[in-house]
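Chains as they are written, first to last, in my numbering: chain A, 1147 to 1328; chain B, 23 to 313.
Since the hints were made in silico from the structure, they are not lab data.
Treat the hints with care, as some may be off.
Residues of chain B placed beyond 10 angstroms of chain A at every Cβ, according to the derived structure [to be verified]: (1) Glu-40; (2) Gly-70; (3) Pro-75; (4) Leu-137; (5) Ala-173.
According to the in silico footprint, chain B covers these stretches of chain A (three or more CB under 8 angstroms from chain B) [said to hold, decoys possible]: (6) 1245-1258; (7) 1293-1303; (8) 1312-1320.
Note that the Cβ used here is the ideal one computed from N, Cα and C, for glycine as well.
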Amino acid sequence: MIDLASLRVLAGGAVLLLTASCGPGSTTAAVTPSPKAVQQAELPNYNSRLGSNRVAAVVAARLGRSLYTSGQYWEVYLRSTPPALNDKYDPGRPEASTSAAATVTAAEVIMATESGASIKSFQAGGQAAEKQELTKLEADIRAAFPNTGTVTVRVFFGESFQYATAVFDHGQLTKYDARKTG
Amino acid sequence: MLTGCGSSAGTPVPTACEFRLPPAPAHGEVPLAVMRDIAAGPTEYLVGVPGGPVVVLTQSTGFSPPQLAGASIFFSRRRGTNSSVYLGSMGGCAHRVVDGTLGAVEPGGRAFSVLVNSHWLLYDAAGHRVSQLTGASGSWTRDGHLVEPTAAGIDVFDLAGKHRSMPLAGAAPLGALGNHQELVSTASGIQVLDIVTGGMTPLNAGAKLIRAPGGSPDGTRVAFLDANGVGQVLELATGKTRALPAPALTTGFAWSHDSAWIGVQSTYGGAELRLADGRVVDSGSLVVVSW
């Protein structure tokens, strides 16, 4: 049972929370755009489920395909630094985006799978094999973004269990943290 | 056949050239196709040669894929909140045919279904309304019949808009097979419906689980996903199957008009197989949407 004093404390806290959101640094709740505005919005020229720009999405697709060829199905997302490239990608002339790709200085890859067979295959050779597989991916990323310094690969089993993180610096694996799994 | 901004044989075509389409790349033994780059945004479609040169058709196609039919190409184009159906030829003019979203195009380019104000309608290539449809975009047989699902079965429309109903409770059309057949999903499995006689025959595929079936235009083969998600081609005359290339998880198929090629669509791009000699073309992140 809540007494009157407790209620006052709760009410005071609520007032504090409400007023705390009204200061000069507060954010205003975004107004949900009307369906018309959404329909008129300019749509991106890249698949945002794969990458942060068109070249990144193309590379992510290539990585996903490469992993599939080795018997594993992974969802792959690649975010480059900078995330957006000053480039109008032409699928008929992908080589025209080489100079834009050369401005990328870092890349982060998230690869996730819910496939038990893929997880088993990825772990089958122990951490040495895992490192080798991720090093191959890093080489593919570096081929697309030749001036990349740091490449970070985060490996997820399922949607939220981060199994491993690999960090590469100019092509060298400098850190590999992998968690134990059951 | 539409070759520019004038009129096509026997049918009045608006003369306004709203924009020119890029010329199609030269193609050799691999036929021209409409493709999508899976790394692209939702409205970019390409025309070109699988594994070869491509050109962007337009960045504003709306959400329905363009379709090649004969020498013409049909596509939707977004204009603000509206969408219009355009007809043109590669390297020539494109003109607006009707406001709405493109559905299914008759393989000869003589007619198409279009969604206008939440209703599916049948239009001819000259932009004349032919008929109101039952309630879906439908699928065309090669001899020019549009098959539509209804609550009681299937409606079959001809090019003049005449339709007849076939009571097949619980059956859903899955796409054309050859000249006058339709693959239909029924409680007892996938069957082949002869839209002339109304006769149904089970698909000759043994006990295999069939998903995402796609019938070849010549009516001799059906592509499908087996129980393991692997693409297969079933030869109807013999019941024999052969595995299709799998660049990644297979999601669908696209037959060439002459049934010589089949495009495999996957989560990470496409591959195309020529059935006669087993030649495979790797189209990278591009998938063939239609030929």
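For each hint, the structure was consulted:
Look at Glu-40(B): its CB is around 20 angstroms from the nearest CB on chain A, clear of 10 angstroms, so calling it non-interface holds up. With a minimum CB-CB distance of about 7 angstroms to chain A, Gly-70(B) fails to clear the 10 angstroms threshold, and the non-interface call is violated. With a cut of 10 angstroms on Cβ distances, Pro-75(B) falls inside the contact zone with chain A, its closest approach being about 6 angstroms. Every beta carbon of chain A lies more than 10 angstroms from that of Leu-137(B), the smallest distance being close to 15 angstroms; the non-interface claim holds.
At roughly 29 angstroms from the closest C-beta of chain A, the C-beta of Ala-173(B) stays outside 10 angstroms, upholding its exclusion from the interface. Counting residues of the stretch 1245-1258 of chain A whose beta carbon lies closer than 8 angstroms to any beta carbon of chain B gives 0, which falls short of the minimum of three for the stated coverage. Requiring three or more residues with a Cβ within less than 8 angstroms of a Cβ of chain B, the coverage given for the stretch 1293-1303 of chain A is violated, as only 0 such residues are present. Counting residues of the stretch 1312-1320 of chain A whose CB lies closer than 8 angstroms to any CB of chain B gives 0, so the stated coverage by that chain is violated, three being the minimum.
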